[in-house]
Structures are given as structure tokens and as C-alpha cells.
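S.K.: As given, the protein sequences belong to chains A and B, one line each in that order. So the first sequence is numbered by the numbering used here: it starts at 1 and just counts up by one. So the second sequence is numbered by the numbering used here: it starts at 1 and just counts up by one.
Please keep in mind that the hints were generated in silico from the structure rather than gathered at the bench. It is possible that some hints are incorrect.
The list treats identical chains as one, so a pair stands whether inside a single copy or across any two.
As the list claims (entries may be wrong) - Calculated pairs, BS3-like style, for lysine-lysine (alpha carbon to alpha carbon, straight line, at most 30 angstroms): (1) K251 / K308; (2) K379 / K76; (3) K215 / K143; (4) K186 / K226; (5) K76 / K251; (6) K144 / K184; (7) K38 / K375; (8) K173 / K262; (9) K295 / K203; (10) K144 / K215; (11) K262 / K40; (12) K226 / K184; (13) K295 / K308.
There are 2 protein chains.
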Amino acid sequence: MEFEPKKMPDTETEETDIQKEYETAQKYEFETEGIEEKLKDILKDNDKEAAEELCRDVHYVDIANGLDDLDEDELKQFMFLLPEEDVAGILESAWEELQQKICSFYTNDQLIDIFSYMTNADAADLLGILPTYRRKDILRFMKKSDSNILKLILSFDEESAGGIMTTEFIALKETLTVREAINKIKQIAPETEIIEYLLITDKLHRLQGLVDLRKILVANDNTLLKDLLEEFPFYVYADDDQELAANIITKYDLTILPVVNKNMAILGVITSDDIISVIDQEYSEDILAMSGVSKDEEFDSGFFESFKNRIPWLIINMFTAFLASSVVGAFSSTIAAVVALSAAMPIVTGMGGNAGTQTLSIVLTSIARGEMNLKDDWKLIFKEIGLGLLDGAIIGIITGITLTIMYKNIFLGVIMFFSMILNMIVAGVTGFLIPLILDRANIDPAVSSSIILTTFTDTCGFFIFLGLATVFLSKLL
Amino acid sequence: MEFEPKKMPDTETEETDIQKEYETAQKYEFETEGIEEKLKDILKDNDKEAAEELCRDVHYVDIANGLDDLDEDELKQFMFLLPEEDVAGILESAWEELQQKICSFYTNDQLIDIFSYMTNADAADLLGILPTYRRKDILRFMKKSDSNILKLILSFDEESAGGIMTTEFIALKETLTVREAINKIKQIAPETEIIEYLLITDKLHRLQGLVDLRKILVANDNTLLKDLLEEFPFYVYADDDQELAANIITKYDLTILPVVNKNMAILGVITSDDIISVIDQEYSEDILAMSGVSKDEEFDSGFFESFKNRIPWLIINMFTAFLASSVVGAFSSTIAAVVALSAAMPIVTGMGGNAGTQTLSIVLTSIARGEMNLKDDWKLIFKEIGLGLLDGAIIGIITGITLTIMYKNIFLGVIMFFSMILNMIVAGVTGFLIPLILDRANIDPAVSSSIILTTFTDTCGFFIFLGLATVFLSKLL
Chain A
1 MEFEPKKMPD TETEETDIQK EYETAQKYEF ETEGIEEKLK DILKDNDKEA
51 AEELCRDVHY VDIANGLDDL DEDELKQFMF LLPEEDVAGI LESAWEELQQ
101 KICSFYTNDQ LIDIFSYMTN ADAADLLGIL PTYRRKDILR FMKKSDSNIL
151 KLILSFDEES AGGIMTTEFI ALKETLTVRE AINKIKQIAP ETEIIEYLLI
201 TDKLHRLQGL VDLRKILVAN DNTLLKDLLE EFPFYVYADD DQELAANIIT
251 KYDLTILPVV NKNMAILGVI TSDDIISVID QEYSEDILAM SGVSKDEEFD
301 SGFFESFKNR IPWLIINMFT AFLASSVVGA FSSTIAAVVA LSAAMPIVTG
351 MGGNAGTQTL SIVLTSIARG EMNLKDDWKL IFKEIGLGLL DGAIIGIITG
401 ITLTIMYKNI FLGVIMFFSM ILNMIVAGVT GFLIPLILDR ANIDPAVSSS
451 IILTTFTDTC GFFIFLGLAT VFLSKLL
Chain B
1 MEFEPKKMPD TETEETDIQK EYETAQKYEF ETEGIEEKLK DILKDNDKEA
51 AEELCRDVHY VDIANGLDDL DEDELKQFMF LLPEEDVAGI LESAWEELQQ
101 KICSFYTNDQ LIDIFSYMTN ADAADLLGIL PTYRRKDILR FMKKSDSNIL
151 KLILSFDEES AGGIMTTEFI ALKETLTVRE AINKIKQIAP ETEIIEYLLI
201 TDKLHRLQGL VDLRKILVAN DNTLLKDLLE EFPFYVYADD DQELAANIIT
251 KYDLTILPVV NKNMAILGVI TSDDIISVID QEYSEDILAM SGVSKDEEFD
301 SGFFESFKNR IPWLIINMFT AFLASSVVGA FSSTIAAVVA LSAAMPIVTG
351 MGGNAGTQTL SIVLTSIARG EMNLKDDWKL IFKEIGLGLL DGAIIGIITG
401 ITLTIMYKNI FLGVIMFFSM ILNMIVAGVT GFLIPLILDR ANIDPAVSSS
451 IILTTFTDTC GFFIFLGLAT VFLSKLL
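With the hints as constraints, model all of the structure from the sequences given.
M.R.: Dropping the structure here:
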């Protein structure tokens, strides 16, 4: 549409009329604080109608959030007030723990009915969290065509391309005419998630390319799909990691990405909205992992869940803190002779940690985007060494002069200057190499990089500073 | 499509035949290392044909990456070999610095022609980076209908909903019949970015809801759009922040989100692929900002760009390091008396920093998702105090016993135990409050939280530990 802003009603008088008159597109009420109370009322009166009304007015995502505060009996009572369609909607929007609880209320037959209101990908996710015996039973009692797709999806890792793909897409043979295609589309359309692009295959189901629905709408009835075909060189294999799919879609700004098996037969499609949750998940995992928190912890997780989640990381950190402390302990006679060292040494380690974390965060985000790896980019280490030298010299001069003035001893300042440079180089090199080496070894670099980094910058920082001070002790006294 | 996996060719013999025979959907060559050489060859021979072929074979994103290594004359020579359509494609995929260089090669008239191959959103982005006088000239010489839309987009902040929205959508009046709608769609379709959902308006352009194209395809010719209308309660105002749009789309798993003005007239649409880059950008900005790196730095940024980017943060950190150091300095007589304290004190501050960062990262990711704010969630501070108490007691007991054994002094152990608890509580409270308070004050919490946190945990940690040691100094000797 050629949108023409000048036609819009924008004078003041018009506006008031419009706002009064305007009724339909009511904005969604994002403040869903009242939902707990509404749930209580519904439960008190066992009010089926009010429950269904709630599902019409409030998004399933918010209902699922509200259900978190109910106990198991209340939850069961509420779910049993709802028709299967709403149960399906809430299940799709709930997180795993709530999904498991809700599924336990229903028989296998009921679950099969509920699954029929979901996409295959969502149904497969739910099957994946059920106990094995239930999963097997349900698959056995389903229609063969449904259970085959679900088994296929379940055969892939949850975090693989096959695990996140949509199976509701339109695939047409290249030999169809536009008229035949439109008829097929009309039949299939209500069940499909993706309609904008049609996947085109040869007679053996193998991906040949895409046809844009826009082209079909304007094309001549007898044109063959083959002649409208756009080559589309992007696809992933079903067992590729979801991060690879996310990186391809993000980098090349794609709307859809076909998922194929090794014979190039189309198994499914990943859309940009599937990728949003992947990116959201991977990034917050990275931020949390860098700080030693598992992805399972939410800001409102229970006390003991948070405790269990955080204490292991603190204990690991404690050992590295002892390591750094023992370096200081080894130089206790030097410190006893020049107490000023004890005040100056945290500056060396602290600044090393900060500089190293800067490098680390850039390398980590670049690895997460698939832009960087050890093999191609190891030469950039010389840039980090140079930065360590320059940043260290600048910070070293300022801190060195300050210490010289404070403690009236130029040698303390000189030792600070050289320690700062050396520790900043250590920081740059480790901040650069650690994540790349971990990534190369297929270890998630976000989890362990920062602790290894600070272990290096602390122990090396103390060692360099106190070591230099010990060597030049006579000058410091 | 009902996809039936059993029909796929999957026996070994079939597979070899297929792979030989298979020709069309060639996988995109992601290893684009050879591109620099190809560019050199093209430039040497001034080979127009080879340049166009490169644009057909290699994605513009990768060509733009390859152009980074050319000097200005080479770049100009290469760009002038290309037809306007390819120039447009490369401009859309390039980052700002390269875009500015390329735009400088062309006259205003040429740029207007190049813009005609782009979406309005991309053209507006490019106009936004041009010098003001060029922007004004170009807008003046454009077709009125084009320049009006571009002016509209340019009037919104780059990081607002209006700044990222697409203006190529289909909006139809609710009084149209399905037949009329299909005719309009056929006319507009080739120019639109979104075809899956049609936005439905009343006669004053105000959003009434959506109609799914799937429904139109199967509906009766004379049905009114009004009768196919789905209410759609999600929309944002053009000057809302892009993060709000990203949070709504992510939370409610939407494919599109209409952007309206205050009169509810539709200005544009945000799609899930627009949001991917927002999320990608916001999250990596958060990770980088937490570590004191600006979003403009890439892993392969030039040496001095990286230097300029990182040194301010290091200097700020240096001042906080001096602050912590001066706390230690104030207790120098205590340390002189008991040198063991200098080895033990980094354990207290280090563990406080670690525990605080755990809390901080959870609060930061929850704020970024719009799940948490000071008003609704301040009560969770009691959980953090409890966690500080429990974690501090556990870590405090282990470190306390170790110090008691190492230095054969139980009072040192007891002081460590209480200092650890107190500093972990400080860490939990500051890690929780700082980002929420900054967010409330509309300051980006990712940028400044971590430095304020470690300033607290370092200075408080040293003060608590050395302060207790000073009070009980007689017991330690």
C-alpha cells in the first residue's frame, strides 16, 4: 500500500471525536496484576463461563503466568473448567514445570485430543517432557500420519534445527501449474504456519527452491511453478545446531530457512519467529553463564532453587580466591617490610580483571554470532597485546605517579607502572585466547571464561607486582 | 502439507543416484574467504561482467564484508562496475561507515535511483546517515509520495518503533469484499514486505484488526472483510522504544506488530525479522556494556578504535580501584601488625564481587525482557538478603576454618566468617537494587551496574574485614 500520511486525521477536533467513537481495536491490557484475583473468583464459584471468558480476554502467556501461584488442586480444578482448545493454548505458553503438572491431569486419550489443537512442533515438545511410557503409549494410539511426524521431530535434539523446525509448511512439486498450486494452497492453507513462501520440490521431495506467493497471485494460470522458481541456497540439516540456523537467519536477514535431511528432502522450515526464542535464550544464557548462574534461574525462582543454582559457582570461585591469596601469602615478608604494597596490589589485579573482561566480552559475543574462531582470527592476539601495552602504560603512569606522591617513593611508582603493563598484557591475551580455545574444544566459552580469566589476572597480577617489589625491596625501604 | 517421512528416498543405493543427479538447490558457500581475491581480479581487469556475476553468486552481506579491505579508489572503481540494483543490495547490507563511503561516490540523482530498489525503511536509514544538506536536497527532488513516507520514518528516533517499522504492508478498508480485496492484493503484492496478514482499517485509516490471507483465499467472493476480521489487541505507538516492541513480540510470540499514531492510524508494521536484529543488538550491547565496551566495537575493529573505546572505562575503574585501595591504606597499621590479613582480604572482596554479579545478571536479563521493575518486585530483596546470609555462612565457614588452620589463629577465622556473611549481604542487596534503581531513573542499567557493584563490594569488603580485624586486633596478635 502506498501509505499517504497527509490523509491521516490529525487535527485536534477530529481527534477527540475519534477517540470517543473508536471501539474495536482495544489495546491489550499488559498490566495483568488482577489475574490472580480473577482466578480465585473463578475457582470459588467453579465458574466455567468466567474461565472461558478469561481465556478470550487474556493472552495464554499471561494466564500461564497467573497459574504459577495456584496449588496443584486449584490448578486441576481450573484446567478442568476449560475446553480442550484453551488447554492446548495454555500448555503451549507454559514453561516446562507447569506443562508437566498439567499433562499429569489428563489421560492419554485426552492429551491426544488436546495435541490436535497444537502445531506438531509444540505437540512434540510436550511429548518430549512426558515420562517415556506415556510418550510411547500416546504415539501408539495416534493416527499413523500424526505420530510419524511427531516421531520424526522427537528424533532430533531439542536444540537442533530439527528440534525447533515447523512441519506445517506448503511444499509443492515444480511440475504443477499456478492454477493447480492455488487449489492446493486453498486446501492446505488453514493448516499451515507459513504461507508467504512455498517450498518447491522435485518428484522425490527434494528442495529445488522457493516460490513467493506474491508471484503466484499475479501469474498466469497455466504457468508452471518451475518457471517462477527462485533459487534459494540457504538450508540447514535437521541435526545442525539451532545456533547455526539462528546465525544464518540473522546474518542474511532471512524470513524462512528450510530444514532438509541428507538426501535434500524437506523435513520442515525454521521461521524468523522460531529464531527469536533461540536468540533470546542463547544470549540470556550467555549473560547468566558469564556470571555463574544457570539458565534455569528466574528472577522470581524460589529461595532454595536460587541457592542450589548459585552455590556451586561460589565454591569454585572460592578455590581460585585461595589460589590468589596464597600468592600474596608467599610474599608476606615483603608486605611486612613495605605495608603500602598491600594497599596498592588490588589496583593491579582489579585493573587487569577489567581490561581482560573487555576483551572477553567482545570475543564472546563474536563467537556467539559465529563471526570468530581460533583458526581464522588468532592473529588478532597481537592487537590485544598492543592494547595491553598502551592501556597499561597510560593507567600505569597515572597510578605510578599517584603512588609516588602518596608514599613519597619513586620506586613504588615505577614498580606499579611495569606491573600494570605486564598484567594488562596477561589480561588481553587470556581474555582473547580462553574463550576461543574453549570454543575450539566444544566447551561453552560463556560458562567458564570469566572465572579462568580472573584467576589469571589475580594470580599473575599479585605475582608480578609483589615479585618486582621483592626484587627491588632494598629500593623501597 | 501432510508430510510423510516414509516416502522419502532413504536407501543407500537411491542416495548415490540422487546426489549425482541433484543439481539445482546448491548450498550457499559460507566460506567466503576467496572473495578478496575475486575482488582484486575484477579490479585488475575492470571486469563488469565478473562483478555482476559475483553479485549473483555471493550474498550482498558477504560482498559488503569483502569490500572492507579495499581502499577508497578501489571501492569506487568496483561500485561503478555495478548496476543500481546491486549497489542498493550492497548498501542495505553494509555497516554505517561503508555506507557513508559508498554514498559519497554518487550524485543525489543517482542515489534517488538507487533508493528506488530499496524498502522505505532501508532508504530512510541511509538518508539518516547522509550530511543534512544532502538529505534535504534528496528529499526535495524525490517524488512527493516517496519523500513523505521517508520524512515520516526519519521523524522517529532510530531506536523507536517508528524507526524500525516497515511501511510496505497491505492495509484494506473493512468494507471491501473478498473479491475486491484479492484484486487489490494482486496490485499491491509485488511491492509489499508482509503478505500473510492484511491490516484492516475503518474509513479513517484506523486499525480495526487483521485478516489472515489464508482466510481470504478460502472465503466466498462476496464476504466482507469486516466479517473475516480478527481482533488484534497488540500494537505500539511509533515513538515507543524498540525494546518495548521486541518484548511484546517475543513474549506473545507474534509474527507482526502494527505501529500506529495517537489517532490509531496505521503507520507501519514491525515483523519478527525486524525484531531479530533489535534483540541481537540489545543483548550484545548489554553483554558489552556490562564489561565497559561500547556497541560500536567489533572483534576486528582497528587498534585505535578499540583503544578509544576501552580506555575511558578503564580510567573510571581506576578511580574506583583507588577508592578501594585507600580503604586498605587507612588500615595499614593493622596490616603491619598482622600481615596475614593482606593475603586474606582479597578473598572477602572477590567472593562479594562474584555473588553480587550473580544477582546482577539475573536482574539485568529480567529487566531487559521487561519482566521486572522496582515497584512490583522490590520485595525480592529479602530473598537476596537471605541468600547472602546462607551463601556467606557456607563460604565463610570453609574459608574461616582454612584460615584458622593456616595461620593457627581462630580469631582470624571468626573474623573471616562474619566478614564474608556481611559482604555477601552487601553484594546481594547492591546487585539487586542498583540495576532496578538505574532502570527506574531511565539510565541503562547494563552500562553502569557492574562498576557500581564492585565499588561497593570492594570498599565494603575491605572495610568490614579490616575494620573487624582492627577492633579485635589484640586477639589476632
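S.K.: Output the indices of the hints that this structure fails to meet, ascending.
M.R.: As far as the earlier hints go, 9 and 11 are violated by this structure, in ascending order.
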